[in-house]
Amino acid sequence: MVDNGIIEESSGPWASPIVLVKNKDGSTRSCVDYRKLNDITKKDSYPLPRIDDTLDALNGSQWFTTLDLKSGYWQIEIRPEDRVKAAFTTGQGLCQFKVMPFGLCNAPATFERLMETVLRGLSSETCLVYLDDIIVVGRTFEEHINNLRKVFQRLQKANLKLNLKKCRFFQKEVTYLGHVISAEGVKTDPEKIKAVVDWPRPETVHDLRSFLGLCTYYRRFVKNFSTIARPLHKLTETKSNFNWSEECEKSFNSLKQALT
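Be aware that the sequence shown starts at 1, since it is given in UniProt numbering, and climbs by one per residue.
One or more hints might be untrue.
To be verified - Below, computed lysine-lysine pairings styled on DSS-like, alpha-carbon distance capped at 27 angstroms:
(1) Lys150 / Lys165
(2) Lys187 / Lys85
(3) Lys70 / Lys256
(4) Lys36 / Lys85
(5) Lys70 / Lys166
(6) Lys150 / Lys166
(7) Lys150 / Lys194
(8) Lys256 / Lys166
(9) Lys250 / Lys172
(10) Lys194 / Lys157
(11) Lys98 / Lys187
(12) Lys250 / Lys192
By construction, these hints were calculated from the structure, which means they are not laboratory data.
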């Protein structure tokens, strides 16, 4: 990472610890724990787009290309005088990021602001962006080609690089933001729904909140979602014992059935 210009040695007073985080496949990865730094950071209020609004704007499109920025956050440099704040501990002393790392509380807002600035003026009939996920659309193939050209010109001018292995060009159906998009409309992603169906009965409030978070992401596909999920939401608010009732079991199974 030093040779790639991502990090450098640090000699300042700041230092955040490295922690191990478990991946979904059971493996682990190392991350910098910036919670203490985030606690004293002035929050950036720049809003992220509402995913439902983004998906609704895709109606009428026939052609789709999804673009993925290569190590998106790392394409944003930190001002030299601020890099010391992103320092972290290693076995060989302190290092600090020269580019924006994951874990900073303002990183998503910073990145979204950049992307919307780069693509400003291009309508939703051309492209949509959510952080480093860009979708370029078109009602005809010719329009799609023209829209791609516009987006590429903007990215090139901003010196932003794509990860070609993760880009999908000239598709009639794509997966975007956890949904399957086509000319027929928006559907749930079967892989994500399988995770809901296979979810074991929650045994803690944390487990239940994780389940509800995934279901809530797809609430647009569930009629009367709030009513069905009410017993489960009520259980997350309890400060006493985690009491899984028959009503909770019914709500749990009803949500699964509604999403299949």
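Status of the hints after comparison with the structure:
1. Lys150 / Lys165: 21 angstroms, holds
2. Lys187 / Lys85: 43 angstroms, violated
3. Lys70 / Lys256: 35 angstroms, violated
4. Lys36 / Lys85: 11 angstroms, holds
5. Lys70 / Lys166: The hint holds at about 9 angstroms.
6. Lys150 / Lys166: Between Lys150 and Lys166 the Cα gap is close to 20 angstroms, so the pair holds against 27 angstroms.
7. Lys150 / Lys194: It is violated: about 37 angstroms lies between the C-alpha atoms, which goes past 27 angstroms.
8. Lys256 / Lys166: 30 angstroms, violated
9. Lys250 / Lys172: Distance ~38 angstroms between Lys250 and Lys172 Cα, so the pair is violated.
10. Lys194 / Lys157: Status violated; Cα separation ~41 angstroms.
11. Lys98 / Lys187: Measuring from Cα to Cα gives roughly 40 angstroms; hence the hint is violated.
12. Lys250 / Lys192: 21 angstroms, holds
The earlier numbered hints that this structure contradicts are 2, 3, 7, 8, 9, 10, 11.
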